[in-house]
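Chains B and U, in that order, give the protein sequences. Counted the way the numbering used here counts, the first sequence spans residues 1 to 770. Counted the way the numbering used here counts, the second sequence spans residues 1 to 158.
Just so you know, these hints were derived from the structure itself, not from any lab. This one's a predicted model, so the numbers in the text were calculated from it and none came from an experiment. Ideal placement from N, C-alpha and C gives every residue a C-beta, glycine not left out. Check each hint, because a few of them may be wrong.
As the list claims (entries may be wrong) - Beta-carbon label-pair distances, calculated as ranges:
#, chain 1, residue 1, chain 2, residue 2, range
1, B, GLN405, U, THR120, 52 to 62 Å
2, U, GLU75, B, ARG439, 57 to 67 Å
3, U, ASN57, B, LYS212, 22 to 32 Å
4, U, GLN70, B, ALA61, 32 to 42 Å
5, U, ARG151, B, SER57, 54 to 64 Å
6, B, ASP426, U, ASN57, 51 to 61 Å
7, B, ASP633, U, THR11, 51 to 61 Å
8, U, ARG6, B, ALA65, 23 to 33 Å
9, B, GLN524, U, PRO7, 50 to 60 Å
10, B, ARG515, U, GLN70, 37 to 47 Å
11, U, ARG151, B, GLY159, 18 to 28 Å
12, B, ASN239, U, GLN70, 42 to 52 Å
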Amino acid sequence: MSTEQSNPNRLIGASIRRVEDPPLLTGQGCYVDDVKLPGILHVAIHRSTHPHARIVSIDTAEAAAMPGVVCVLTGDDTGDLALRAPMLTPEMNMPEHPVLARGTVHAVGAPIAAVVAESRALAEDAAAAIGVTYDSLPVVTDAEAALEDGATLAHEELGTNHCYTMKRENGDVDKAFAEADHVCRLHMKSPRLVAMSMEARGVLAYPDPIRKELTVWMSTQGPHRSRADLANSLGFPENRIHVIAPDVGGGFGSKGCVYREDVLVCHVAQKLGRPVKWMATRSEDFLTTCQGRDQAMTSELALSKDGKMLGLKVRVVANLGAYLHSATAGPPQRMLVMAPGCYQIQDVRVEIVSAFTNTVPTGPYRGAGRPEAVLNIERLADKAARDLGMDPLELRRKNYIQPEQFPYRTGVGVEYDSGDYEKSLDEALRLSDYDQLIRMRDEARERGELVGVGVSTFVEPSGGAGFESGAVRVDRTGAITVLTGSSSHGQGHETVWAQVAADLLKVPMEDVVVRHGDTIAIQQGTGTFGSRSAVMGGGALATAAERLVTKAKAVAANLMEASADDVVQVEGGFAVTGVPERTVTWRQVAGAAHAKGTPAGMDPGLHETAFFDPNREAWGFGAHVALVRIDADTGELTIEKLVLVDDIGVVLNPMVVEAQVHGGLAQGLGEALCEEMVFDEDGQPRTGTLMDYAVPRASTMPPLIIGETETPNPFNPLGVKGVGEAGTNGAPPAVANAVMDALSPLGIDHIDMPYTAPKLWRAIREARKG
Amino acid sequence: MEHPARPVNVTVNGTSHATEVEPRLLLVHFLRENLGLTGTHVGCDTSQCGACTVHLNGAAVKSCTVLAVQADGAEITTIEGLADGATLHPVQAAFQEEHGLQCGFCTPGMVMTAAYLLETRPDADDEAIKHALEGNLCRCTGYVNIVKAIRTAAQQPR
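Bound conformation, chain U alone (with noise of 0.2 Å):
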């Protein structure tokens, strides 16, 4: 199934890359397999799992769902590019702090759609926080501790 490659520039955690890719390469397999970044994960092939998620010009997205040939000219922040260096983001912290993990596998993912929805809605209640993970599965956690490390992280000054 040869195709010809198509080109792509995209920005991720700030680095520009360009580069040609098959069209029907996956967004989750070029930031995992051309990029090297493996801290985005693949949970399942229907896209529920969450796992994956990016920020891909700013909102949180499953990069399973998106062509690599789709993000052209997007800036796109994985969970290498979170943190501000050695000092963890808000989420991240939070999430160490209320054992929001166990496993590790499903975190990046639910990581990154946390801080979607605190730069969108700082104020996310209970409710919210739910609601905003309806697309993030975990096996380990049973939710608790993610829920209470987003609500952590949203009282944070920032």
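Isolated chain B, as found in the complex (with noise of 0.2 Å):
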């Protein structure tokens, strides 16, 4: 992917550096943690050391005679404060979620009591005096446990672990399944992970009771959405409600949600009329931020045996955790419509079932779903064409569906809009000299070591979820401003936006100010998520600054008494066709747009706004390509090249996408490599800090090449695809194939990730006793 400009007189397209990095360069970013109020009172939160309890009794009186502290809460002081989640089915089971616990604790790190103290070191101190007893109840922790007759309840009075059960199914899936040749099955799992974005969750709330007005910064991916959580759970007016969205360390989808910390702090603030600040300590952060994944997934591909898809059957187990965030029940839900992948099968039964279990809640985390759906078909075709002796390239490209196809409806009824998969794969191939990793592997197999090559081809949906709003204002001086609902937390929105809406209207990028992040500023938004931004939050400022451009032609028209339709745009402004010297900058127009200078009949002023939904997601792809080593006396893996071609349509910054490939992979080649929350069989979490996690770090990252196709989305005025999530999407299927084919001399047929040196070690132990 070059990072130069591909078109020197277009603005979209060029790799810009970035306008936002100066300050987060100099230390003057301004974090949730960095805003100074005077009078702020701090929260503290004692939590619950058991993953399943009854809570006996709670002795707070030495924390409340603590130096500094303000007041000390429980569930008793909190009431019915607590977390709605939507429902999803009418017959779907939700536990109650107070802020803080009531009765009963499900899960370690749930709220018990919240010391509030002049400040933090203080209420920690307080916080840790507080004494609770339990009384212990039994635990599950595995969502396929969980579902068994007579399993252990997670929340006893809830009476089962079920949560909601959905199904898809299309064409005649018994049917193809009683002609299929062979049935290929596979029964894996994805591990649970964690966020990790660097800046811990934390939320500061700063009460007016006098004009009833509740500000609050948090580190949040959507203000808009988070204000409206906070108005139903807290019942407070959400007109009356400022969210602000400072800069925010990273979130990759677990800071989506409103969390009880949230609520509660919202809540003090209120109650005690001074602003309130609770900041997550890292320990915090893995013990009640939204993880990802931790899907079971048992399926069956049925097959011709020359290798045609004929029918699949997926079953999909989600572990939810202890709680329901708003978005706890999401990720799943993707597999219904991204079990097929980039193949032709359209006799398709997705079943999805997700239970509770005493760990902590789940919820989107980078690929939200997307990673799991990939996974299992990219396992499965592999393992397909294993057992029929074909080549895995070739059983692929059998079956994809063709660029002439598209749109295409799937066989879960999904449409995509456009694509090229040979394309994207002969592209990966020819990147990665394919030809030659295959030599490579084939001598070093005949020298007895244990060598793979794997590839993954994958399509993602990026977008959905909802609207995105963008406007664009030009005031009376000209001076352009990009409001957008897109929300920024590390994207790049400032420069990505000021890049598109100064292509659009014809001016140097320095005059478009991006503001983003403020409920009050910002007309509405969704936030950024789920690979949205450039889909969602670029459409709807691509649909503004057209409509803004249609309004600035018919105010140039009036001040250079031409028709709007010969007025066109030239750098700076507007011309009139054939008279090259009768021209008027932006800054006339805007100053003739407030001062009675729009055509009769036109609103004054010169500020358009668009809420964009296309009502369709935008399905990028890619092929990913791995050549892996694993030392059989260590069981240690080597990642000695990767590969990854994406195609997401249009591309506006390279040095943005590429980069967000870059992000995305090393979350992906954490969970293929690393990363794995582990609860043991009580239900302690025995990773719970990062001496425990292993996040990759600078060494982890392999030897790249990264190439692009481009197949323009038809359905969106950027012809953009998201591409947030590509690495974490398309590398961990490319790595698993790549590590099962280095172990196929053993007889090894799968293992799930995170491939970690005992691991395999183990395994390739086991497989040699034979």
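Build the complex from these two chains, which are given one at a time in their own frames, with help from the hints.
Now the structure itself:
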């Protein structure tokens, strides 16, 4: 992927350096914990050390008497204050989710009491002095075990561990399987992962009891949705809450929803009439922030003997953890729309069953159900090829949806917009020198070395999940402001939206200021998650810009006494076709628009807003290739080469896109190589700090080759598709397939990620024992 | 847990401060809360992430693992003191040029670690750079552009 400007006349497509960098590089960023207010109080929380227990007693007397302590709250004080998640099916079971435990705790880390004090240190001292006696209850941590008959209940009050079931079926699946020559079966599990944004969660609430207002600084991916969630939980009017997402130190899906501490802090602030702050420690973040994956997939792929995919059955069992956040139930549903991947399989049955356990709640984490779906179909494709003695690439090519079939309605009833899967595969093979890789592997295998090559070809939906807003405003002096509901937390919106607006308005980029992350400044918004910003925020911005240009042309026509049809955009303003000397600048147009210069019947001003919802997702795709080597004596896995070719339609800023691929890949490799949140059978987290939970480091990253193909999205004004999750979706299955290829001489069929050295060493040892 | 305050005299970014602190106060909290230098970040509680890296008497240290009282008499440089007025330090400039930051939260620690590395090993190659970053975590960039930025900074004439 070139990081040079592809078209020197356009800003769209140029690798513009980021305008948000200088403050962040000089210590002038402002994250929640950097906001200072006079009279601020601090909250520390006493959390459950038990995964499932009745609370017998809570002794807060000593804590309440400690210096600097303003008050101590328990569930008796916060009452019905709780989080609410949406009902997805009429039968959905939903446990209580009070902001402080009431009677029972269902996971380690559940909040039991909150201390409010004059400093954070004093609050923590007092929280540690709270004494809780528990009556332990039995524990269930595994979702498949939780759904067995007679399973231990994660919530006794609920009477079941089952949350919801969803099904989707198309065609005649039973017939397809009856007619198949071969059925390939796989059971696999995605490891539970921790989002681990470098900035843990935090919230600061500033009440104004006289004006009945509440200002909240939150580390959030979507301030407008957070505002609505806070309003609902607090019973306080949404239009009196001002949510500000200042600089946000990463989110990766985990900061999309409101958490108990957010509601609690707002409540305490309103109750005391003073600003109140809570910042999660890293340990609290491990125990309370929604975690990702933790899905088990049981799948069957029906095939003809020549490798034609005939039918697919997938059953997902998803571990939701102990409580439902607003987005907890979402990720497993991705399988409903993604199960067949890039293949022509029309007879498909998908069932999603989700269960509660005594673990940290799950929710969206980079990919949010997409990585599981890609892993499922791409591991199936490889195993099917092995079962049939076919080349895995040949099997894939035989089943790809073909370019002329788009828009293509899949076997799960979703319409893919565009694609050319052979093109991206061919590019990945070219960049990886695939034939040479295979030769190297075969030679290494001759020498008894464990070397493997793996490919994953995938589709990934982006956008969706509601609308996005964008506005472009030109003030009296011609100064241009973009207002976007697509709130950034590191993705570079301030740069890219300025690029897009300046390109469409034909003005220098420096003339455009981008505002986001503030519910008073910005009309409305949904936020940044699920690779949606370019598609949704970009779509909204492009639509608003187009409307603005149309209006500005009418004003310009009025000024130049020409017909609006004869007015064209030129650099910095407008001209009359064929009369190049008759021009007006944006400044002149804006001045006129605010001073009775609009044509008769047209509103004054120059400010256009768009609420954008294409009612369909954008389906990006790609092909990733991995070469791996496993040390047979130690089980240590080395990725020797990794090639990623992604097709995300039109690229707005190649530098930013490539960096999104890098970041997604690092998280994907975390899943493949080292990351797993582990609970022991008693429900105690065993990887609750960065000393135990292994995230990738600089040395983890393998040699990379990144390429691209470009298939524009015909249903988007900018032609774009999302890219933020490409690395997490496509790369882990390529690594998994490579690892299984490396281990194939030992007769090993499947191993779940992460491929840690002890796990591979044990598998190799078992296989050699025969 | 009241303990008698202890005197601390430090010079931070060229300004000397004489004050008294609780003996248990960490240097990172001293910088952030007492001096208002919030560019130094706290990303973990086990000294793994490196977001709090500052220079203490010229060496890169994790300020979450130093007590403020231990810094008595020390010269400290934080991210706020690295640039020369409006002119970015070569490492800062290279991070922007090579897109070595996304959310920016780990960035101050990364930059301080890198600046120290290039002071002590101006010829650091990729292996040395990756080794030097063992104690600094980033969740956004996959480190690719961070390593590239440090390599770029290393090639700048100084």
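Now the hints, each set against the structure:
1. B:GLN405 - U:THR120: 52 to 62 Å: Holds, at about 59 Å.
2. U:GLU75 - B:ARG439: 57 to 67 Å: 58 Å, holds
3. U:ASN57 - B:LYS212: 22 to 32 Å: 52 Å, violated
4. U:GLN70 - B:ALA61: 32 to 42 Å: 36 Å, holds
5. U:ARG151 - B:SER57: 54 to 64 Å: Because 59 Å falls inside the window, the suggested range holds.
6. B:ASP426 - U:ASN57: 51 to 61 Å: 57 Å, holds
7. B:ASP633 - U:THR11: 51 to 61 Å: For U:THR11 against B:ASP633, whose Cβ atoms are near 53 Å apart, the range 51 to 61 Å holds.
8. U:ARG6 - B:ALA65: 23 to 33 Å: 26 Å, holds
9. B:GLN524 - U:PRO7: 50 to 60 Å: 53 Å, holds
10. B:ARG515 - U:GLN70: 37 to 47 Å: Hint holds: Cβ distance 43 Å, inside 37 to 47 Å.
11. U:ARG151 - B:GLY159: 18 to 28 Å: 60 Å Cβ-Cβ, so the 18 to 28 Å window is violated.
12. B:ASN239 - U:GLN70: 42 to 52 Å: Because 50 Å falls inside the window, the suggested range holds.
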